[in-house]
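Protein sequence lines, in the order shown, are assigned to chains A, B, C and D. So that you can map any letter, position 216 of the first sequence is 202 in our numbering, and since no number is skipped, the others follow by simple counting. So that you can map any letter, position 69 of the second sequence is 55 in our numbering, and since no number is skipped, the others follow by simple counting. So that you can map any letter, position 6 of the third sequence is -8 in our numbering, and since no number is skipped, the others follow by simple counting. So that you can map any letter, position 103 of the fourth sequence is 89 in our numbering, and since no number is skipped, the others follow by simple counting.
None of these hints come from the bench; they were simulated from the model. You may find that some hints are simply not true.
As the list makes no split between identical chains, a pair holds if one copy fits it or if it spans any two.
[Said to hold, decoys possible] In silico DSBU-like cross-links for lysine-lysine, where the CA-CA straight-line distance does not exceed 30 Å: (1) Lys83 with Lys96; (2) Lys174 with Lys83; (3) Lys83 with Lys135; (4) Lys76 with Lys135; (5) Lys14 with Lys75; (6) Lys76 with Lys96; (7) Lys170 with Lys135; (8) Lys74 with Lys166.
Number of protein chains: 4
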Amino acid sequence: MAEGTYTLNISCPDRVGIVAGVGTFLAKRNAWITEANHFADRASGRFFMRQMLLANSLEISSEAFEAEFRPIADEFDMEYRLTDNRIKKKVIVLVSKLGHCLADFLSRWKSGDYDVEIPCVISNHETMREMVEWYGVPFIPIPVSRETKSVAFEQMEEIFDRYSPDLIVLARYMQVFPEKVCRKYWGKVMNIHHSFLPSFIGAKPYHQAFDRGVKMTGATCHYITSDLDAGPIIEQCITRVAHVHTATDMVRIGRDAEVQALAQGITYHLEDRVFIRNNRTIVFYQ
Amino acid sequence: MAEGTYTLNISCPDRVGIVAGVGTFLAKRNAWITEANHFADRASGRFFMRQMLLANSLEISSEAFEAEFRPIADEFDMEYRLTDNRIKKKVIVLVSKLGHCLADFLSRWKSGDYDVEIPCVISNHETMREMVEWYGVPFIPIPVSRETKSVAFEQMEEIFDRYSPDLIVLARYMQVFPEKVCRKYWGKVMNIHHSFLPSFIGAKPYHQAFDRGVKMTGATCHYITSDLDAGPIIEQCITRVAHVHTATDMVRIGRDAEVQALAQGITYHLEDRVFIRNNRTIVFYQ
Amino acid sequence: MAEGTYTLNISCPDRVGIVAGVGTFLAKRNAWITEANHFADRASGRFFMRQMLLANSLEISSEAFEAEFRPIADEFDMEYRLTDNRIKKKVIVLVSKLGHCLADFLSRWKSGDYDVEIPCVISNHETMREMVEWYGVPFIPIPVSRETKSVAFEQMEEIFDRYSPDLIVLARYMQVFPEKVCRKYWGKVMNIHHSFLPSFIGAKPYHQAFDRGVKMTGATCHYITSDLDAGPIIEQCITRVAHVHTATDMVRIGRDAEVQALAQGITYHLEDRVFIRNNRTIVFYQ
Amino acid sequence: MAEGTYTLNISCPDRVGIVAGVGTFLAKRNAWITEANHFADRASGRFFMRQMLLANSLEISSEAFEAEFRPIADEFDMEYRLTDNRIKKKVIVLVSKLGHCLADFLSRWKSGDYDVEIPCVISNHETMREMVEWYGVPFIPIPVSRETKSVAFEQMEEIFDRYSPDLIVLARYMQVFPEKVCRKYWGKVMNIHHSFLPSFIGAKPYHQAFDRGVKMTGATCHYITSDLDAGPIIEQCITRVAHVHTATDMVRIGRDAEVQALAQGITYHLEDRVFIRNNRTIVFYQ
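Chain A extracted, bound-state conformation (with noise of 0.2 Å):
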């Protein structure tokens, strides 16, 4: 993500003069736009726009600019949110046994693909402790068993609550959170889950992928609610399996669309392109 740029994100119900209004008031502060992206939702009757203002070319504090936008935000009834690009974003990742999606956000990260901050990586289980460490991160271990479910829970809702992660990154983690941490979290609790979305919902995906004798299988990438599997979906990617193919051998060639999704839907999520409405998303491609 580019430094020095403000991601300015609306939703209003939409009408004639938004775009106009809008304009009209970056360019009086100045406002260089580097990227802009419309969607008028003709079925539901909403207007999504996301702008990319180079930080300098404005006149004004971030501050002074919500204050001084709140009128525009009241006259087309907008919910909107000025990100400051400048500012790292704090990313927790939860993860059960299985790391690949783990080491592939960790190795991108360490890249500098992702420029945020990982205040810490939470596991029901000790696997992935070593790999964590050896990135720096803290791993915070937090056993799940049917008697401690809901103590674990509270325990990470603690942190969640201390660190307000921008992000939370379910990395083939497998529990399903209580509701009302899916309500208090909602939006930013993003799964990824081995199945082409709607099939093959709940356990053991792959497995009712080779019963059902497909030639895809897939991953997708949503956010949670407390119905498991059915949030919005933010990315999807398939591959090719065939005959030859186990279940055992689709678990692995799964891996890589796994990554794949994941790694996008972080992305987009990152870099604030993602809107949702009802139980869909708008992603705001570059």
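Got chain A; can you put chains B, C and D on it based on the hints?
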């Protein structure tokens, strides 16, 4: 499909000596093998084999071949079929109102991709008559209403029985086949379903896909069973979609994937590349 | 293409205030924006913008629009074009012997995908006459030999000048256009080349690809210049190939990618989504 | 790769009786075939065959196998190789400064995907030392300057000779190998080139791709020859790019295709799926 070849398809319980037995048999008849595929399905313990032979390398007739092969087939408990590719296969196509899959089939047929005979195209509507007749193919209208359905399918069955087609293609034919016909023509009736099965079974799959907010839509070519959209899958193709696409857009965008999946499935079937095992297919790609 | 819309295409030097200026202009005329795309090319310092407007939301005629927009265009040094999408675009197609790209174009046109007028199809062979006339489109044979080439192209130029087409499609037309026509119809003549450019320029690209032993082959849709296969690329598609495929197989297999790349390129052009900047295209995908 | 298997690779002039000869030989030794691939290259008249055998089904040792197979090999003028997959292959990796391909290789190795021994990683820079050593793999720095180049490559050749690796991977290693080493290790040195070959040979392919304005960029895994980027291609992958992407963006976006193409190439090589014939590869996919 090259002229002047035989295809030998075999399936049997897996054990040592199959390849040697068949190979020796073929070598003794001087058979020149141009393509060979094997698959040992360790789950079911079954072995599948497809061999392409140059017809003019064989020193015996196909009748003599079949007779002489019988002892080996018995020894290994084989199901087998020798296909003389110089004899054109017969394909009957069924269509309702949407003609893109039919148009693609006829266009490829005219260009020589499919070296087959088309005894007729059957439809429950008049929409495609003009195009079918332009290609010089008989068009048989068989309207289907709730009242006439059983009569209509008896009429179709008679047509099938008369021509004994090698393949019946449901090229966006929107009527469910009666169980009796499904059984009689098992493994010969191919459907194109406009979703990535097992997602979005049944009516209006693009609208279902839109409602779920998927980022990819697909098409599935499969053999029919009496269970709707549940038969063995032969090929699947996908297309990316985004928030800008309405269900109507998806109907339009998805057509290419339908055409592509069906064309592949037809090619595989006509080249005898497909074996069915339970509810799965083995497809020997070239 | 939806009826009842205008498309406004603008390019100009990048600076602050463009969006505000255009947005305010549009809002004052009550223009309802259904789709908007911007791109600030930081390398060249040029800004590109495409807006779709609902025709019946505009309170002025397109002539009045053009007149009233002039001062803004001058202020920002804009090139701009307002297209009334209720007026059908005109497309002339040229083909030699291989008809798959033409057949696909006509089939999509007949199905309503391309809401255009086809004044004629021109060919240097008789091969495709029958199909073209079945679609009710005039077929104009213009044979080209070394001796007749200059006369032939003068004849074609006259036809182009007569109809003033919005797009000329070379749908596997195997003659190089003279520089004069390239210049006169710059940005309006689209070719499909059967390789992944810049690999395999010129004749028999599939044979070149076979000789190099590539694992993927492709097709490239581009605007023509007088340099062979060197013009701005609009779209590219690829197909996997393997050792089993001869050059002849690749010719057959590659057809789908050619059809697909060309169909995309045509759609982008007809929807005024393509800008040319030096030897590159900006394509605003939906 | 499953333990307890042999792979038998054969190539010879094509004629009748090869499959029978080999099949009978294997059946007499009770060999259980788990996977078999054949390819008759009609252009060159050469036949290629790969067979996977369960080791514990064979009633003789691999030494006895080799000895007993000799007469058949002589009869058919075969080149052949029997590989005992219980013996780990040795892979030496070379890298310069960009570590993504190396990181992916080590991560897959650690996760068990590659059941190989890594005697060392060689680099002309110190950049990747820390990561390599974290994986417990010896890191050998061999700086290369114009003056030291010949000495450096002699040192490398000594290392190669000492370990006799089955595969040498150039994982973004930015030095051209001397012809002598290319010849000595012919078919064992694999490079990843960051373009869709034969487009954009040599330095800075992404910048070349940007300048040409392509809509897809790619990566090519190939065996090296002394001609730069001209050796037999094993695998190619592509990524879509658009006008929004600068050459720098393409460097970043292209990494995934590089990693993917190289990982596939390595897998095919390690599973003895690749045959080289002139400047082409036959790759027997699973």
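Here's how the hints hold up against the structure:
In this homomeric assembly, lysine 83 and lysine 96 come within 30 Å of each other (Cα to Cα) both inside a single copy, at 21 Å, and across copies, at 14 Å. Taking identical chains as interchangeable, the C-alpha atoms of lysine 174 and lysine 83 lie at most 30 Å apart only when both belong to the same chain, with a minimum of 22 Å there against 35 Å between chains. Taking the shortest Cα distances, lysine 83 and lysine 135 sit within 30 Å of each other inside one copy (17 Å), while across copies they are farther apart (45 Å). In this assembly of identical chains, lysine 76 and lysine 135 lie within 30 Å of each other by CA distance solely inside one copy; the values are 25 Å within and 46 Å between copies.
In this assembly of identical chains, lysine 14 and lysine 75 lie within 30 Å of each other by CA distance solely inside one copy; the values are 29 Å within and 39 Å between copies. Proximity of lysine 76 to lysine 96 under the C-alpha cut-off of 30 Å is found in both arrangements, the shortest distances being 15 Å within a copy and 28 Å between copies. Taking the shortest alpha-carbon separations for lysine 170 and lysine 135, only the intra-copy value of 18 Å comes in at or below 30 Å, while the best inter-copy value is 54 Å. For the homomeric pair lysine 74 and lysine 166, the shortest alpha-carbon distance inside one copy (27 Å) is at most 30 Å, but the shortest distance between copies (51 Å) is not.
Violation of the numbered hints given earlier is absent; every hint is satisfied by the structure.
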